[in-house]
Amino acid sequence: MRSVRKPSDNKLTVMMQVRNERGRYLEASLTELSELADEIVIVDDASTDGTPELCRSFPKVVRLVELRRPMFAEEWKLRSLLWETAVSTEPDWLLAIDADEFLERRAGRQLRELINQDRYDWAALRMYDFWGSLTHYRDDMWWNLHRRHTMMLVRYIPGYHYAYPRWDHHVPRLPYTCAALPGVRTELRAKHYGWAGSQEEREAKYERYKRMDPDGRWGSIDQYESILDPAPNLIRWSEEE
Amino acid sequence: MTISRITQAWPSVIVFPDLAWNRSPFAAPLQSITAKHRIGWVTNRPDRTLEDAPPCITPLSLADCDHVDWSKATAIVLHPYWAPFLLPRRPRLLGFCTSGQSQPGGTDEHADKWRDRLSGEASFVLTSSEPYYLDLAFRRDGVFVMDGADDTSDWFALQALLWAADGTDPLPLARLQQQRREAAYRERIAVAGDNAVISFYRSVYLYLLGDASQAQKELLCAFEQAVLSGDEHSLSDIYRFRSAIQTALGQTAEAAMTYETTAVTDQERTNAAQLRLRLEAGQTDIAAAMLLRWNDDHRGAVARLEKLLQTETAEEEASDAAGAATAERTAFIQQLLIDSLLQAGRIRQANAHLAEWRTFKVRDRCEYELLRGTARLYEGRRLKAVRAFLRAAELRHDAIGALSELAHIDAAAKRLAEGESSHA
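Chain order of the listed sequences is Z and R.
Position 141 of the first sequence, counting from 1, maps to 141 under the working numbering, and the rest follow consecutively.
Every position in the second sequence, counted from 1, becomes a number in the working numbering once 1000 is added.
Each hint should be verified, as a subset may be incorrect.
Okay, the calculated beta carbon distance ranges per label pair [unchecked claim]:
| hint | chain 1 | residue 1 | chain 2 | residue 2 | range |
| --- | --- | --- | --- | --- | --- |
| 1 | Z | D9 | R | G1193 | 39 to 47 angstroms |
| 2 | R | G1230 | Z | W218 | 16 to 24 angstroms |
| 3 | R | E1280 | Z | S88 | 21 to 29 angstroms |
Counterexamples of contact, computed for chain R against chain Z with all Cβ distances above 12 angstroms [what the hints assert, rightly or not]:
| hint | residue |
| --- | --- |
| 4 | R1278 |
| 5 | G1380 |
| 6 | R1387 |
| 7 | E1394 |
What the hints contain is simulated information worked out from the structure, not anything from laboratory work.
Every value quoted in this text rests on a predicted model; they were computed, and no experiment measured them.
Quick reminder that beta carbons are idealized off the backbone N, C-alpha and C, glycines included.
Given only the sequences and the hints, what does the whole structure look like? Please build it.
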């Protein structure tokens, strides 16, 4: 019988959900992740821009589920499908990351250290929202995710009870029951480029959120409005090697 | 003598009180017995203790107790310090009523130990605390709770007292009460929605009732709710219980993995490693018993271990060439069994097993003498009990405390008979 927690030789699998990411950061992301991880599992949420073809071009993408109809309006189902697909590949650890998120170089280098131990079962990093460029992140009342920790990396323990909240939007990237397991909050950082594009792109995202969640049931209306803030507080990013 | 020895009209229900009648928390349920039975109230000072008591409560002195035909009397004990006095008399049924909390005053270091001991030896136990009730339900059968949370449930507890007063063992009622309490929790969930605590309690009742599949479902619901509400101890306090449920379902390997998942401390990790070794050696039954023990289910563990020991012993007897591995396994089973019996407060049974166990270390020998002394005390062989305590003290100096404890309990029982507090 093998131990539930393996201290070495752990297989790291990336799990990612994508939708129409071809012309954005996906290629860079998969290139980088191919160097860091052993395998990559992707669920494509009915892309129409050739995203699956791009995914398939990376040998480490061992499983790709292509949805014909988007499931984004019931996000917990999408997250659950990605989870089930990922664990079917028998991973030891899973890194849950979006196509527009990148680990800082120092974080990437320390990934193996984080997973090759038998004391804790998840690791949380600090996520920074880049705003309007790849050089600055936003830091104010509504955009301060980096002041907390985001669980991105979990050990997969067969038989454990993993569950996602049945929410339509803003579902956590990993099953919330992972939080009951022993974990570590690191000072390693990740970069989110989802807001790093142009003003027009941010406005389009604002419109989409307002359409999906007009009453702020799944998120904060004030935060949605803050997307349009003409002069947000931006801080220059300094990469740690 | 309070009651004529000539008429031999001893009450069929005899109460060993904790406080005076008008201050006892169990006076109300006991009063319902008086519709059918006279109650004897053990006291040397009826003027102090039976003020305001109904006429069918009859005082009975300590000296009177020597003349009671205990084979025809049900004893209801309200304070654990009566145990050394009462147990040797072997009443037809012995009911122990306890709040389940530490005795008033809270400074008496022996009270909780004797409460647990008497809880193990009594024919049935009735408590007003649900946490203590559940704790006991994992150690023995025949436990009742009367906590005012549900009328029907309380009715079953009252019936238990009435049955016992009639001389009938109320054991079958315990399961009916558990069914009612499970239903009450189900009704609360239907009204109030998911709640970690309510779901957890329901899961525990389902487990006790033997519905492990449903217990697992409810437990996972409790776990989800607990994690969502930020409970930092949900892994050990809730999720670990899944390993007991999986054991009950016969999924011992899965149960071992669940236990290991919840193993955070060094001791727990060592336990998990031991489980793996037992499973690798094909000793699934032993691993199952270990899992039940680590989930405090000593009742379930004892049942399994007794069966296992029987099988092992039969195999050993059948084979002249039983090797060292078999001997180790048998000794280990015996060790687990004795410990679980002790955890269940079943001192006499533990003592009987210990007498057959030969792999003593010095510390074990001391514990054995203490245990034997206590068992002798229960049998009314006081001199032998004292001798055993003295032997223990020779092996380990601090064991002399057993003798002062005995004196303390004797004095406390006398004070109770005088209508005073058990505290000096």
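Evaluated hints:
Distance hint check: the CB atoms of Z:D9 and R:G1193 are about 45 angstroms apart, consistent with the given range 39 to 47 angstroms. Separation of R:G1230 from Z:W218 is about 20 angstroms and conforms to the stated range, judged on CB atoms against 16 to 24 angstroms. A hinted range of 21 to 29 angstroms holds for the C-beta pair R:E1280 and Z:S88, which are about 27 angstroms apart. Its closest Cβ contact with chain Z, about 10 angstroms, brings R:R1278 to no more than 12 angstroms, contrary to its assignment away from the interface.
The claim that R:G1380 is not at the interface with chain Z holds, since no C-beta of that chain comes within 12 angstroms of its own (minimum 50 angstroms). No beta-carbon of chain Z is positioned within 12 angstroms of the beta-carbon of R:R1387; the least distance is around 48 angstroms. Distance to chain Z confirms R:E1394 as a non-interface residue, since its nearest Cβ pair spans about 45 angstroms, more than 12 angstroms.
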